[in-house]
Structure formats: structure tokens, C-alpha cells
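J.: Sequence:
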Amino acid sequence: MRLPIALLLAPLVFSQTPKRLEFEVASVRASAPNQGNGAQTPAAARLDPSQIRLNYLTMQDFIVRAYGVKAYQIIGPDWLKTERFDITATLPEGATVAQVPAMLQSLLEDRFGLKVHRSQKEFAVYMLGRSKRPFTLTKVEPRSPDSNVTGVVPRPGNGVALGLARGALFTLYDNKMDGKGMTMEMLANTLTPFIGLPTVNGTDIEGFYDFHFDLVPEDYGSMMIRAAATRGVSYPPQLLAQLESMSNPSFLSSLDKVGLKLERSKAPLEVINIDEVKKTPSEN
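Number 7 in my numbering belongs to position 7 of the sequence shown; there are no gaps in the numbering.
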């Protein structure tokens, strides 16, 4: 009996793996060292429709962007946090911003021999939840519904400004914390480097919101130091130990006023385990 050709080809169709996403051309090199004059070379990430430029980023930074995880979810050698590289890559015609992480994964595999596996690990966390007060933040429309571009944006003074998906904006400066068009998931994720523990969204609150929180100088300063330490800035051990005992009371009070709270808890989170990675990339 002769079977229809479509039936014979079906196993081939369903066994095909998705096409590997890759940059068209990529340059990878070790970042130039600081000049030793006390000035810190700024890390920078720029993306336009045809090219991505990632300068003075650590290998940990690249893995964060490639796999969509936080720095604390990466388990690997210490040098991942210190060795810095510059990557300039051209996107294939028709590629989208959403495909860039997969392309970056391919690049890290090809040039650094990166091999990873995923697993679960229990972490001490802060759980963002509802407090006893009514939730009073006003829901807003997303600022840019179709945008998934994220990263550091021009910041006010010595503060921090982060652009998030859907046009959301987070700023921390001058003893104030502000959010524009942020979800509770965005708020929890963004808080992590500033409060010392991974933060998990435990609310059932959906939608986008604006908020403004006033902070006392002590809380603002401790948040900025924690964030800098997360990025690899060195501080005396005594100062870091002191931060462990600081609970950011003005921030917790601001959260409570709008019907939110942070509580210590434990939660299993996904981690990226680094099986293999080279310190020196293969040649361009």
C-alpha cells in the first residue's frame, strides 16, 4: 500500500528544531582598562534597529541580558563579576528586539564557549504583598504599549533611572522613588538591588500604576550603596554589615500608605548554573 507523501514527510516536519538565532556580524573584545585617574568608565547599552552595542559590561551582565535573569540567579566563577567586554553586533535584516537575547545566547556560546543548565534554588526573599490598608494607587495606561526596550536611561543628577518594558520608568534620586506606568511585577523586580534581597511579587494586583515615595536620607543612601555594591563597587565590610541591619523604615511606611508591604520569606527561584565559560573570547 502506498502512503500519501504528506504522511511520509510528517515526522520530518515535526522533528525540525527551531532555527538558531544569530547576529549577522559581531565584534567581541576585552574592555580597555580604566585610566587610573579615579574616573570610572561607564557601562553602556545601546540598541537601534540594525545594531547593538554593549560596552564595558561584565560577563555576568551579558548573561543577565541573554537569559532574562537577575545577577543573583547566576551561579558561576567570581570573575564573571569583574572581567569586562565590549560587544558590537549587527542584527539580521527583519530581526526584532525580542530576538536579541537569543542572539546574545548564541554569541556567548560561540565566542566564550558558554554552557549552562537551569535548576531551582531556595532563596531568602522579600515578598511584595498587600498591607491591611486599602490599595490606593491609580491605574494608568501603559506609556508605550508596544515597546519592550529596557535599560539605563539619562538619569537625574546622581540618581538612578531605568527604562522598563511598555515604556515604564523607574527613578531613584534626591531622596525620592518614582515609578511611571509600572506593574507590581516590575516594582518587585526593580527593588531587588536596592533592598538587599530578591523581591517577589506576591500581590494579585494587575495593571500599570504611577507612584511617588518620599525617603529619609538614611534609607536613600543605603539603597544607593546596595545597588552600587550589586554592580561590583567595593565598600568596607563594616559598611556592608551595617546595611544588613537597616530596614528602610521610610520606604516601608510609604508602601504601607498605598496598601503594600514587604515581608521576609523563602521562595524557590530558577538559577542559571555556569558549566563552562572561557575568560578570553575567540578571535573576531
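Check before you lean on any hint, since a few could be wrong.
Stated by the list, open to error - Here are the computed lysine-lysine pairs in the DSSO-like style, where the Cα-Cα straight-line distance is at most 30 Å: (1) K121 to K266; (2) K70 to K266; (3) K278 to K132; (4) K81 to K132; (5) K115 to K278; (6) K19 to K257; (7) K279 to K81; (8) K19 to K176; (9) K278 to K176; (10) K70 to K279; (11) K70 to K176; (12) K19 to K132; (13) K176 to K266; (14) K261 to K115; (15) K115 to K257.
Don't read these hints as lab results, they were simulated from the structure.
J.: Now look at each hint and say whether the structure bears it out.
T.: Do the hints match the structure? See the list:
no.	hint	verdict
1	K121 to K266	holds (10 Å)
2	K70 to K266	holds (17 Å)
3	K278 to K132	violated (51 Å)
4	K81 to K132	violated (40 Å)
5	K115 to K278	holds (10 Å)
6	K19 to K257	violated (50 Å)
7	K279 to K81	holds (12 Å)
8	K19 to K176	violated (46 Å)
9	K278 to K176	violated (41 Å)
10	K70 to K279	holds (21 Å)
11	K70 to K176	holds (24 Å)
12	K19 to K132	violated (50 Å)
13	K176 to K266	holds (29 Å)
14	K261 to K115	violated (39 Å)
15	K115 to K257	violated (46 Å)
Hint check: violations occur at hints 3, 4, 6, 8, 9, 12, 14 and 15; the rest are consistent with the structure.
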